[in-house]
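Enquirer: The whole structure should be built from the sequences, with the hints applied where relevant.
2 protein chains.
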Amino acid sequence: MVDFEKMPLIPAIVQDADSGKVLMLAYVNREALRLTMETGTAWFWSRSRKELWNKGATSGNFMHIVKVMVDCDGDTLLYLVHPDGPACHTGNESCFYREYVGE
Amino acid sequence: MVDFEKMPLIPAIVQDADSGKVLMLAYVNREALRLTMETGTAWFWSRSRKELWNKGATSGNFMHIVKVMVDCDGDTLLYLVHPDGPACHTGNESCFYREYVGE
Numbered sequence: 001m002v003d004f005e006k007m008p009l010i011p012a013i014v015q016d017a018d019s020g021k022v023l024m025l026a027y028v029n030r031e032a033l034r035l036t037m038e039t040g041t042a043w044f045w046s047r048s049r050k051e052l053w054n055k056g057a058t059s060g061n062f063m064h065i066v067k068v069m070v071d072c073d074g075d076t077l078l079y080l081v082h083p084d085g086p087a088c089h090t091g092n093e094s095c096f097y098r099e100y101v102g103e
Numbered sequence: 001m002v003d004f005e006k007m008p009l010i011p012a013i014v015q016d017a018d019s020g021k022v023l024m025l026a027y028v029n030r031e032a033l034r035l036t037m038e039t040g041t042a043w044f045w046s047r048s049r050k051e052l053w054n055k056g057a058t059s060g061n062f063m064h065i066v067k068v069m070v071d072c073d074g075d076t077l078l079y080l081v082h083p084d085g086p087a088c089h090t091g092n093e094s095c096f097y098r099e100y101v102g103e
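If you're matching them up, the sequences are chains L and R in order. By the count of the working numbering, the first sequence reaches residue 103 at its end, each step adding exactly one. By the count of the working numbering, the second sequence reaches residue 103 at its end, each step adding exactly one.
If you're looking for bench data, these hints aren't it; they were derived computationally from the structure. Treat the numbers as computed from the prediction; the structure is a model and nothing was measured. One should not assume that every hint holds.
For chains that are exact copies, the list does not tell them apart, and a pair is met inside one copy or across any two.
To be verified - Keeping only pairs whose Cα atoms sit at most 27 Å apart, straight-line, the calculated BS3-like set for lysine-lysine is:
no., residue 1, residue 2
1, K50, K67
2, K21, K67
3, K6, K50
4, K67, K6
Expert: Encoded structure:
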């Protein structure tokens, strides 16, 4: 369903399973997806730190997977989660707390 | 707010402004974002066709922008929209109609 040969790193949208709020977007490789399915918490690949990243390992705000969806092309994931706390490092519930109104 | 110098192509999540359903994800460059703000309908950059793409120009299913949000890092967008019809080329309302249960 997901062709990591073609695209080793794909975006995963994270959405609150209850409120429907879009919380964040991060990137996933084959291993991060495997760990997500195995542990039931959201794992990503950090492009800046170049390492696997279990969201919440530092902050305590884990994201518990309710369901993982894959898009028609098999190159984007949607994680439906129950978050233990804010998704954003700023303390905001969602990383999308600013409206874009042009440059 | 968005640094297209650093990252010329960024993902835009599309969410139904009313239902909260995540509909699709596509990519946006500076010009696609400018056209989105100017026309009030969703524009993207098609990575396969290598051209600007006004969603709905072919199908008639335009996505009317309610609000554009930008994330904390300024490298992901969230389009909140009123869609004229299904987002997915398969006819599904959302491109995320399949659950991922492992390979």
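Enquirer: Please go over all the hints and tell whether each is borne out by the structure.
Expert: Taking the hints in turn, this is what the structure says about them:
Proximity of K50 to K67 under the C-alpha cut-off of 27 Å is restricted to the intra-copy arrangement: shortest distance 26 Å within a copy versus 33 Å between copies. When the C-alpha separation of K21 and K67 is checked against a cutoff of 27 Å, the pair qualifies both within a copy, at 15 Å, and between copies, at 14 Å. In this homomeric assembly, K6 and K50 come within 27 Å of each other (Cα to Cα) both inside a single copy, at 19 Å, and across copies, at 18 Å. When the C-alpha separation of K67 and K6 is checked against a cutoff of 27 Å, the pair qualifies only within one copy, where the shortest distance is 24 Å, while the shortest distance between copies is 33 Å.
Consistency with the previously given hints is maintained throughout, with no hint failing.
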